[in-house]
Structure formats: structure tokens, C-alpha cells
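**Q** Using the sequences plus the hints, can you model the full thing?
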Amino acid sequence: MHGLQPLSSDTVLYRVKPGDSLNKIINHYFGTVTLQKRNELIDDIVRKNSALKNPNVIYPNQLLQIDIPPQYCASPLANKITPFINMDKGHLKSLQNQYRAANPKERSLLSALTPVMLGAGAASVTMVDKTFKTNTPLVANIAEIYNDFKSGKITKGQYDGQRKKIISKLKAKLGPTNLLLNGTKPLNEVIRISRKKGKKPTKNIAQQVKRMGKLSKLATRGGVLLSVAGLGVSCYAIANTDEKTKKNEILVESLGGLAGGLVYGAAATLTIVIMATPVGWVGALVIGIGGALTGAGTGYAAKNWYTTNGNKIDFARITKVDQLCR
Amino acid sequence: MQITSFIDILGLVLIAGLPITLIFLIVVQHILGFVLSKNYDATYFKEPYFTNGEVESYSSWPLSLLRYATYIVFTGFPKILLKRRFKGHASQFIPNLYIKLICQLWVISLVICILSLPVILLSMFILS
Numbered sequence: 294m295h296g297l298q299p300l301s302s303d304t305v306l307y308r309v310k311p312g313d314s315l316n317k318i319i320n321h322y323f324g325t326v327t328l329q330k331r332n333e334l335i336d337d338i339v340r341k342n343s344a345l346k347n348p349n350v351i352y353p354n355q356l357l358q359i360d361i362p363p364q365y366c367a368s369p370l371a372n373k374i375t376p377f378i379n380m381d382k383g384h385l386k387s388l389q390n391q392y393r394a395a396n397p398k399e400r401s402l403l404s405a406l407t408p409v410m411l412g413a414g415a416a417s418v419t420m421v422d423k424t425f426k427t428n429t430p431l432v433a434n435i436a437e438i439y440n441d442f443k444s445g446k447i448t449k450g451q452y453d454g455q456r457k458k459i460i461s462k463l464k465a466k467l468g469p470t471n472l473l474l475n476g477t478k479p480l481n482e483v484i485r486i487s488r489k490k491g492k493k494p495t496k497n498i499a500q501q502v503k504r505m506g507k508l509s510k511l512a513t514r515g516g517v518l519l520s521v522a523g524l525g526v527s528c529y530a531i532a533n534t535d536e537k538t539k540k541n542e543i544l545v546e547s548l549g550g551l552a553g554g555l556v557y558g559a560a561a562t563l564t565i566v567i568m569a570t571p572v573g574w575v576g577a578l579v580i581g582i583g584g585a586l587t588g589a590g591t592g593y594a595a596k597n598w599y600t601t602n603g604n605k606i607d608f609a610r611i612t613k614v615d616q617l618c619r
Numbered sequence: 042m043q044i045t046s047f048i049d050i051l052g053l054v055l056i057a058g059l060p061i062t063l064i065f066l067i068v069v070q071h072i073l074g075f076v077l078s079k080n081y082d083a084t085y086f087k088e089p090y091f092t093n094g095e096v097e098s099y100s101s102w103p104l105s106l107l108r109y110a111t112y113i114v115f116t117g118f119p120k121i122l123l124k125r126r127f128k129g130h131a132s133q134f135i136p137n138l139y140i141k142l143i144c145q146l147w148v149i150s151l152v153i154c155i156l157s158l159p160v161i162l163l164s165m166f167i168l169s
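The listed protein sequences derive, respectively, from chains A and B.
Here the first sequence stands for residues 294 to 619, numbered as in the working numbering.
Here the second sequence stands for residues 42 to 169, numbered as in the working numbering.
Keep in mind that the hints are not guaranteed to be accurate.
[Stated by the list, open to error] Short derived list, chain A residues pointing at chain B, Cβ under 8 Å:
| # | residue |
| --- | --- |
| 1 | Ile-319 |
| 2 | Gly-549 |
| 3 | Leu-551 |
| 4 | Leu-555 |
| 5 | Leu-563 |
| 6 | Ala-569 |
| 7 | Gly-583 |
| 8 | Ala-594 |
| 9 | Trp-598 |
[Unchecked claim] Chain B regions said to be covered by chain A (calculated; three or more residues, Cβ under 8 Å):
| # | region |
| --- | --- |
| 10 | 54–61 |
| 11 | 83–89 |
| 12 | 99–107 |
| 13 | 135–145 |
| 14 | 158–168 |
If you are wondering where the hints come from, they were derived from the structure by calculation, not from laboratory data.
Even for Gly, the Cβ is constructed at its ideal location relative to N, Cα and C.
**A** Shown next as C-alpha cells:
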């Protein structure tokens, strides 16, 4: 068992093994208990692990925060330093997500295509979120092995060896996305145990996990941000144009593009649902680029319609956009 | 504002009607998804109906919209999904008639929106 064990609260961070179920984990820590007690324990685990939506579905390598009986407390040696990560914090939710390793081919292609994906729209950007999410548990591993080392479970040599292995694995998986995370700083420098007095030893690791969580959120919402940014650019262009016709052309092109993008998104959603096709990163890339192209094409058609029909309707005035974008 | 020709109507639908309708459908999708998830998640949101990767990615927004859309299509038109994703599995949740009707309306509206875009673009191209 690996665990971050704060002595005061008797809580462990349990990594789910293949074949585990909540009942099995409860049996391991609490032995035979009544049905009522078992249900209470399950409710408690679900409450403490907000990412655990269904108690019947847990995955290998998923991390669960579990309150344990006193006999499973950390050894007295761990009293000196108690690395503790509060699993209730939002940015650590990603720690609880299932850890799934991509195969090497996917990893290398994903890394190479990351810059393209970043520009391709919401669906593609979501895949960058996946890269961070799936690799966050690796960072947490370092805190776990440090905890094992301090509680005497593994030697200094074993700790150093395992840490090195995790960092090189993380390096390979993050690829160029590490630039987004840490700039040009090498990973082993970023993820290190702090030796400073008065500072928690795992502070750097917790910071790294937090940063990955934040970037992950940013990436998920990246598509929305891009759309909002697109509308913002249009608004800026409208504000900087004196000519009424020009203002309307920009507005009509933006709204036409929005319509095209939304229709494309709706078509992609319905196709995926009916075909029951999981969205891989290639699919996400195609959806992202396709959406951008459809949006651009529809925007062009809308602008063309507006100019060829003699610019009869003053949309900017009707919608009050000319007053909003000053 | 004077609407004098058919092409004017097409243009208005393209730049105002479609975005407004689709944004409205997305709002309805969130509400229906929230209601249906409560009933379907425990039974269907796991293997073999969804792969592990889907369970992971469809748990959080924005890809959760795909899960919501799956549930809406399943409620409105169960036969479509019983052929593929929920193959041979009869629904344990008997939806309220109104929810079923709203789901059907949602799917039909979405299909109309999707089909209308190429029709509008083609008509505009021919007429102008």
C-alpha cells in the first residue's frame, strides 16, 4: 500500500489495484463489518472523493482518500515530517482520475502535434487537458515514494532510483507540453523535495500538481476562451471602424461563423453519439480543424450575402453591438 | 428593416436564427443531461456501454455534453442506440412522457439545424 499519511487524521491515499472494489478495500482495512457499517463507509469514501461518481466503478491506479482505523497509522518515524495533500481541493481532483498510459506511438505523435492542436479549437485543446490529467498521478508518485522512504519502507538508494525513473517517464510523456508547464526549467529541478527549514518537504510537488491542474482547466476551457477571444477581436474591429457598412460586415461575418461552428459541433456530436465512436486525439483534431474551417466558410458566405444584398439591414444598430463595442 | 426577398430570410436565419436556436438547444441539453444522468449514470456510464477512456473524458465539461446527448437520444429514440452502444439492453429507466417528448423534440430540432446549414448556403449560392 502506498499512502500519504497524516497521523492526525488517520487518512491514506489508496491507489486502486486491478481487481479491487470498494468492498474489498473496506474488508482489507476494517475486516468483516455489518451491512449498515459497510454502507456508511462507502458513503464516507464517496463523500471524501468527489471524482468518485459511482461507488461500483473504480479503476486501477485511481487514487482514493480513505479514513482508516488507528492500527494502520503511519510509523512514528513519519511523525517528523508529514507530507499531506488535501484531496478536497479542486485542483487535486485530477489526481483521482484514472491513470491510463498512452502507447509510445500516440505519445510521440501527440507531443509533435501539440502546437497544432492548441490552435485547432475546443475539442483539440481538451486533449492537452488529457495529457496533464493523465500524468498528474506520476507527480504524486514522487510524494508517495518520499513518504515510503521517510517511514523506512524503502532505502535512500531505492528512493533515488524510483524518483529518477518517474521523472524520466514524466519527461517522455509530457514532451513539448512541459514547456507550457515549466518553461525551460528541467523537470528534476522543478519536482524536488524541499530541504528548507520550516517548509513542507513536498511543497514543490504539490505546487507542480496544482500547476498541472490549473493548466488542465485552462486547456479544457481553451476552446471557449478562443471563441470569446474571437468575438472580442470582432468587437475591437467594430469599435475601430467608423463606417456603418464595415461594422455590419464584421458583425455578420462573426455571427455567420458562429452559426457554422455551432452547426458543425452539433453534427459532430450527433455522429459520435449515433455511431458510438470514442473520440481519440485524431478525432478531436479533425473536429477542431473542421469546425474552424466550417465557421470561416459560413462567415464568408454570410458576409457575401450581406454585401451583395445592398447592406439593407443595420444589424449593428438593431442589436446595439455598435454601442457595446466602443 | 425591410425584408424584401427570400434570400433576405435565408440570411437572417443563418446569422440570427441558427445561432440562437443552437445556443437554446445547448442550454436544454445541459438541463436534460442533468436530469437524465441521475437515472442513467449508475446503470450505463461504465463498461461495456462506455469505454474506460470515454468514462474518464465524458465525466467533465465540455465532453460531458456527448454523454448528455447520448442519454437524450437514448430517451427520445431508444431503438437507434439499442443497435450500437446499448446493444440488446432494454432501458431500466422508464422516462416521463414529457421528458421523452422533449428529448425527441431536441433531437429533431438539432437535425433540422444541421440540415438547414447546407440548404441555406446552397440556396444563397444559387440565388445570388
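**Q** Each hint needs a verdict: does it hold in this structure or not?
**A** Tested hints:
no.: 1; hint: Ile-319; result: 19 Å, violated
no.: 2; hint: Gly-549; result: 5 Å, holds
no.: 3; hint: Leu-551; result: 5 Å, holds
no.: 4; hint: Leu-555; result: 4 Å, holds
no.: 5; hint: Leu-563; result: 6 Å, holds
no.: 6; hint: Ala-569; result: 4 Å, holds
no.: 7; hint: Gly-583; result: 13 Å, violated
no.: 8; hint: Ala-594; result: 5 Å, holds
no.: 9; hint: Trp-598; result: 4 Å, holds
no.: 10; hint: 54–61; result: holds (count 5)
no.: 11; hint: 83–89; result: holds (count 3)
no.: 12; hint: 99–107; result: holds (count 7)
no.: 13; hint: 135–145; result: violated (count 0)
no.: 14; hint: 158–168; result: holds (count 4)
Of the hints listed earlier, those the structure fails to meet are numbers 1, 7, 13, in rising order.
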